[in-house]
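Participant: Chains A and B, in that order, give the protein sequences. First residue of the first sequence? That's 109 in this note's numbering, and the numbers climb one at a time after it. First residue of the second sequence? That's 109 in this note's numbering, and the numbers climb one at a time after it.
To be clear, the hints were calculated from the coordinates, so they are not data collected in a lab. A hint or two may mislead.
Identical copies carry no separate label here, and so any pair may be met within one copy or between two of them.
Calculated pairs, DSS-like style, for lysine-lysine (alpha carbon to alpha carbon, straight line, at most 30 Å) [said to hold, decoys possible]:
#1 K429 <-> K405
#2 K311 <-> K436
#3 K190 <-> K443
#4 K172 <-> K134
#5 K190 <-> K159
2 protein chains.
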Amino acid sequence: MSGVNGLSDRTRAKWAGAVDPEEIAKTLPRMLDLTTENITENVVKINSLCKDPRLRYLITKLVKALHDYARDVNLQFDEWEKAWQFLTEVGQISTDVRHEFVLLSDILGLSALVDSLSYPTVPGATESSVLGPFHDEEAHSLELGGSITAEGTPGEPTLVRGVISDTDGKTVSRALVDVWETDGNGVYDVEYEVKEEPNCRGKVFTDDQGNYVFRCVKPVAYPISNDGPVGELLRTLNRHWFRPAHMHFMIAHPEYTKLITALYSRDSNYVETDTVFGVKQSLIVDYNWCEDLELAKKYDLEPMVRTIDGKEHKGFWLLEKDFVLIKKSPPAPRKVRDD
Amino acid sequence: MSGVNGLSDRTRAKWAGAVDPEEIAKTLPRMLDLTTENITENVVKINSLCKDPRLRYLITKLVKALHDYARDVNLQFDEWEKAWQFLTEVGQISTDVRHEFVLLSDILGLSALVDSLSYPTVPGATESSVLGPFHDEEAHSLELGGSITAEGTPGEPTLVRGVISDTDGKTVSRALVDVWETDGNGVYDVEYEVKEEPNCRGKVFTDDQGNYVFRCVKPVAYPISNDGPVGELLRTLNRHWFRPAHMHFMIAHPEYTKLITALYSRDSNYVETDTVFGVKQSLIVDYNWCEDLELAKKYDLEPMVRTIDGKEHKGFWLLEKDFVLIKKSPPAPRKVRDD
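The following block holds chain A by itself, in its conformation from the complex (with noise of 0.2 Å):
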């Protein structure tokens, strides 16, 4: 027991003069025998204190759509109970590197719909795409040209390149592209039980005519993260967890509107079937072999030898993929009543 009263210090001193509870309570609707017809409009009204006109708006409609759905299927006692137990599992495997809420979004749709809200399709400019649980900030800094590979990674030796401009077709330099992907296990750096240095994921900048190039491996099909509550989920649901094999970019300038997309491979499965409904045809692309060994050595790339009609042949797969920015433009007001 410690602080005021016993309550602890910490809650305590949270609380204390933040707000006055009992003139809020005077200015508040008398609550008393709500039932399943008068409740909502009794949360909208006690949330209509804040002060943030688009949270306020946010908070209502949300109240009002979760009021409506558990009255709509008639939610029961033990339903509720197995929600909350299975979003507080959610919560707890999360870590910084592991976002279980992220996957839940992603699997039901509701990341990709936000994406399409956030970053309408503007003729002429790359389409985005989910950004998924596994954006690490802790990525390696490269040179123009370096891996995002450590020595050892599993997978096919690959280079990407390409030039990063605008709807106007200028060229962008000083873009950062942030890129991460799985090794060709199809597993994520932070998967992995051990996880020494970041792999998989690194950021170059665009040079003085808006290329960037970095090597890598060939990504490929894998499960999302299905140890925990999200995997549970879709067993339950029957639904498969894979992903097709793709490689996300961030492209970040202050000009420019952060991209946030990533490159889907169209040999692989599950392109027609993203379980995270990521795939947009513009973002499908070929990985091409190739076998210039001159522009393997020139960025120092170890090829590989793959079998062509029963033929050895020497090479590595090639990448080439163009970005298109959109300049910034202030901010849209945002929605906060209902027209």
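Assemble the complex: chain A is given as a structure, and chain B must be docked to it using the hints.
Facilitator: Same frame as chain A, but now just chain B:
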């Protein structure tokens, strides 16, 4: 790195062979270029493989409700990001005895609504009220007349007694009365930084005539836990976070529907503005001042001294409340489709 292909054994063991993802993928519609308009129907289709009709219904309606909400408010990426970070925090502050998601559900009125949907009022029976986040199975079992509070617990001495019967007027013997409350400082045992034995909670069985009786302290109004993300939300919403003084009851017997309810003190602040929307008129009770020292002695209750009209009086608080249970009936079929 461990396990097949470097995937952790735990992850691999769980997904291998559970379902055949390629078989499942074949049964799905082609899902590419999902837009804000067509994503919902596609997510519904992918979930339609679920074999449990109630879960399929719940998840289908949930996806629709979530997506409709996001479209309606035009949910933006940064707001979505704050939301999943918030939910992660709610999970992470939770423990075996602190159920922050229950608290979140409580302050959004969802708990009260689910309570009403699950336990509709039955004429003559005691009304239900919200469970709250502080029920703990680990309470001590008491003899009839025993105390739920440990020696030295702050608070005013109180005796609670009554009869448990059913809607036919038949008394119910061997009903388990599980009760929990704050101490006189408005703090639950599990909220203290150091929790030793369970305190201010206990379980007692009714006798052959349906009587229950126990000693406790008079509960007081208190702030709900607000040192976590739900507290931050309440602060941002400019809401107060007080509950009126109350005592929780969970009454169970194999032949009756479990009653989860609470008794609210008429003399308490916030009876009309309970931040979790739990108060019903029929659950408001009076603690009567009692100077029957024989009764106190019978139950080994240490009286307190109270000054009334300048004169010292020795006595204690007496709460008398009967409960009426509902006979168990076969569970009604749950909704699995819209009519």
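Participant: Hints first: check each against the structure and report whether it holds.
Facilitator: Against the structure, the hints:
no.: 1; hint: K429 <-> K405; verdict: within (21 Å within a copy, 87 Å between copies)
no.: 2; hint: K311 <-> K436; verdict: within (21 Å within a copy, 63 Å between copies)
no.: 3; hint: K190 <-> K443; verdict: between (33 Å within a copy, 17 Å between copies)
no.: 4; hint: K172 <-> K134; verdict: within (24 Å within a copy, 38 Å between copies)
no.: 5; hint: K190 <-> K159; verdict: between (34 Å within a copy, 18 Å between copies)
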